[in-house]
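My request is simple: use the sequences and hints to build the entire structure.
From first to last, the protein sequence lines stand for chains A and B. With the first letter of the first sequence counted as 1, position 87 gets the number 87 in the numbering used here; the numbers rise by one all the way through. With the first letter of the second sequence counted as 1, position 213 gets the number 468 in the numbering used here; the numbers rise by one all the way through.
It is possible that part of the hints are untrue.
[What the hints assert, rightly or not] What follows is a list of derived Cβ distance ranges for each label pair:
1) B:P334 / A:D245: 44 to 52 Å
2) A:A21 / B:T345: 39 to 47 Å
3) A:R183 / B:F406: 36 to 44 Å
4) A:R183 / B:D344: 35 to 43 Å
5) A:L65 / B:L373: 47 to 55 Å
[As the list claims (entries may be wrong)] If the Cβ cut is set under 10 Å, some of the chain B residues that face chain A in the computed set are:
6) V285
7) A389
8) A411
9) I413
10) A464
11) Q466
Think of the hints as simulated: they come from the structure by calculation, not from any bench. Quick reminder that beta carbons are idealized off the backbone N, C-alpha and C, glycines included.
Here are the chains, one letter per residue:
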Amino acid sequence: MRSANEQNPPVAIFVTNAVVAYREDVALRGVSLAVPRGEWLGILGPNGAGKTTLLTVVNGLGRLLRGRACVLGRDISRGCPAALRRRIGYVPQGLRIDPRMPISVRDVVRLGACGRVGLLRRPRPADERLVDFWIERVGLGALAGRPIGHLSGGEQQRAALARALVQEPEILLLDEPTTGLDRVSREEILELIRSAHRERGMTTLMVTHAHRKAAALCDRVVLMKEGRLWAEGPAAALLREEVLDRLYGAEGDGG
Amino acid sequence: MDLSLWGYEFMRNAVLAGAFGGAACAAVGVLVVTMQLSFLGVAIAHAAFAGALCATILGASPLLGSLGFSLAAVAAVGPLADRGEFGPDTPIGIVFSLTLGLAFLFMGLLPGPRAEALDLLWGSILTVSRAEVALLAGMALAVALLVILFFKEIQAVIFHRELARAVGMPAQAIHYGLLIAVGLVITVSLPSIGGLLVFTLVLNPAAAAYQLTYSLKRMFLLAAVFGVASTWAGLLGSSLLRLPSGATIVLVSTAIFIAAAAFSPKRRVKKR
Chain A
1 MRSANEQNPP
11 VAIFVTNAVV
21 AYREDVALRG
31 VSLAVPRGEW
41 LGILGPNGAG
51 KTTLLTVVNG
61 LGRLLRGRAC
71 VLGRDISRGC
81 PAALRRRIGY
91 VPQGLRIDPR
101 MPISVRDVVR
111 LGACGRVGLL
121 RRPRPADERL
131 VDFWIERVGL
141 GALAGRPIGH
151 LSGGEQQRAA
161 LARALVQEPE
171 ILLLDEPTTG
181 LDRVSREEIL
191 ELIRSAHRER
201 GMTTLMVTHA
211 HRKAAALCDR
221 VVLMKEGRLW
231 AEGPAAALLR
241 EEVLDRLYGA
251 EGDGG
Chain B
256 MDLSLWGYEF
266 MRNAVLAGAF
276 GGAACAAVGV
286 LVVTMQLSFL
296 GVAIAHAAFA
306 GALCATILGA
316 SPLLGSLGFS
326 LAAVAAVGPL
336 ADRGEFGPDT
346 PIGIVFSLTL
356 GLAFLFMGLL
366 PGPRAEALDL
376 LWGSILTVSR
386 AEVALLAGMA
396 LAVALLVILF
406 FKEIQAVIFH
416 RELARAVGMP
426 AQAIHYGLLI
436 AVGLVITVSL
446 PSIGGLLVFT
456 LVLNPAAAAY
466 QLTYSLKRMF
476 LLAAVFGVAS
486 TWAGLLGSSL
496 LRLPSGATIV
506 LVSTAIFIAA
516 AAFSPKRRVK
526 KR
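Next comes the structure, spelled out in structure tokens:
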């Protein structure tokens, strides 16, 4: 944390001693983290480590019980205003979507622009062009008019990514964006995230349960376990067999 | 075909009330069906009924009583369902049984004959006054404006409330706004159309439309058309065959739903 400040890039996310609990279950037990602007941070750890909760602290969907969170220069410890949430893209872990849902892929991607457009206004032509651009870019051009519930898990994941990018976010939060994808799709999605991250100069937080290849793309990784930060450092130093074996337990499901 | 009844004002009022009430109820029906809160309509209708009875006993305006009770029902169901301790069915069921109990209690306390109270429950579309038609027309217009002006917000909240919040939309406010709109439409329709019929017109046309389209816009339009068609065909059928109007409307709207379900392209969709 101190090293991030010493290097002196502006800090996009600053979390101090965050405690989050869902009734009696404590999900985060005093996590502190600073993420400089423009960094791609990988978050790894076994189930129940608090990875998803950490993401929701950043976009204000999760409520802090104790501690502080500052995002893009604003203290959001007591709630994240809508204006700030518009600047944070979020791709949650695979949503269950009713196949009968009367909403198309294009509608879902356009949702990314809706916060920015605001109440009582229609998306402008520029917003529609952005929607088209990202639909094409994630490879869903031919499926844009299809009901969102008819897409495969991987295609829905692409649509979710396009929606988050239509938001033109400064911070992108990705919760296991490659889960359930085949190898080719996984690499395509990761390449897409990488190029978007670079082009837009975003700060990207990517939770990945056990995908070492994905984490290796990150500038830095943090390892979490049982609601705490277990280790942090450059991917090359931490993504070693013996470290992951200890993180995930002896069976070593870290590959 | 005997259409001489059209010459009577009560029939013209019923036709207009059916059109405005049918379209507005069907439009809020799209909200409850897509938000998977179908039973909310029944709970609100009973709350409004209990509220009207309570107000009658106290000598106040039944409409205000209905309004108070149905908004209280919405206020109780929303947060209970939001807390995530149970699915929305459970709090709706609790509110439904409470309001049903209160309705019986107030019926018991009501002095004099209970015909007026039963009118509220079973409906009296053939006795709608001009003022009531005007109120229903205003309500239908308000619902149409709500859907047109807030379409993208409605779509977002239906798709996923948390995501709508994450992109920076006031998703909670929209969600509660929509629940309140459902409550208001049911409450305003209740005295003219009746509790049973209101619930039918909220659920059946929207459920039929849901079977037929993957576009939310078309779903609103189809539901409104089915709502109006149910009431008009029901009124026509009841006058030709000398059947009770409310019951005939219920049967017609159910027939439309069954036909929609039979021809639904969604029947071929497997649950993933």
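Hints, one by one, checked against the model:
| no. | hint | result |
| --- | --- | --- |
| 1 | B:P334 / A:D245: 44 to 52 Å | holds (46 Å) |
| 2 | A:A21 / B:T345: 39 to 47 Å | violated (24 Å) |
| 3 | A:R183 / B:F406: 36 to 44 Å | holds (40 Å) |
| 4 | A:R183 / B:D344: 35 to 43 Å | holds (41 Å) |
| 5 | A:L65 / B:L373: 47 to 55 Å | holds (53 Å) |
| 6 | V285 | holds (9 Å) |
| 7 | A389 | violated (27 Å) |
| 8 | A411 | holds (5 Å) |
| 9 | I413 | holds (7 Å) |
| 10 | A464 | holds (9 Å) |
| 11 | Q466 | holds (8 Å) |
Of the numbered hints listed earlier, those contradicted by the structure are 2 and 7.
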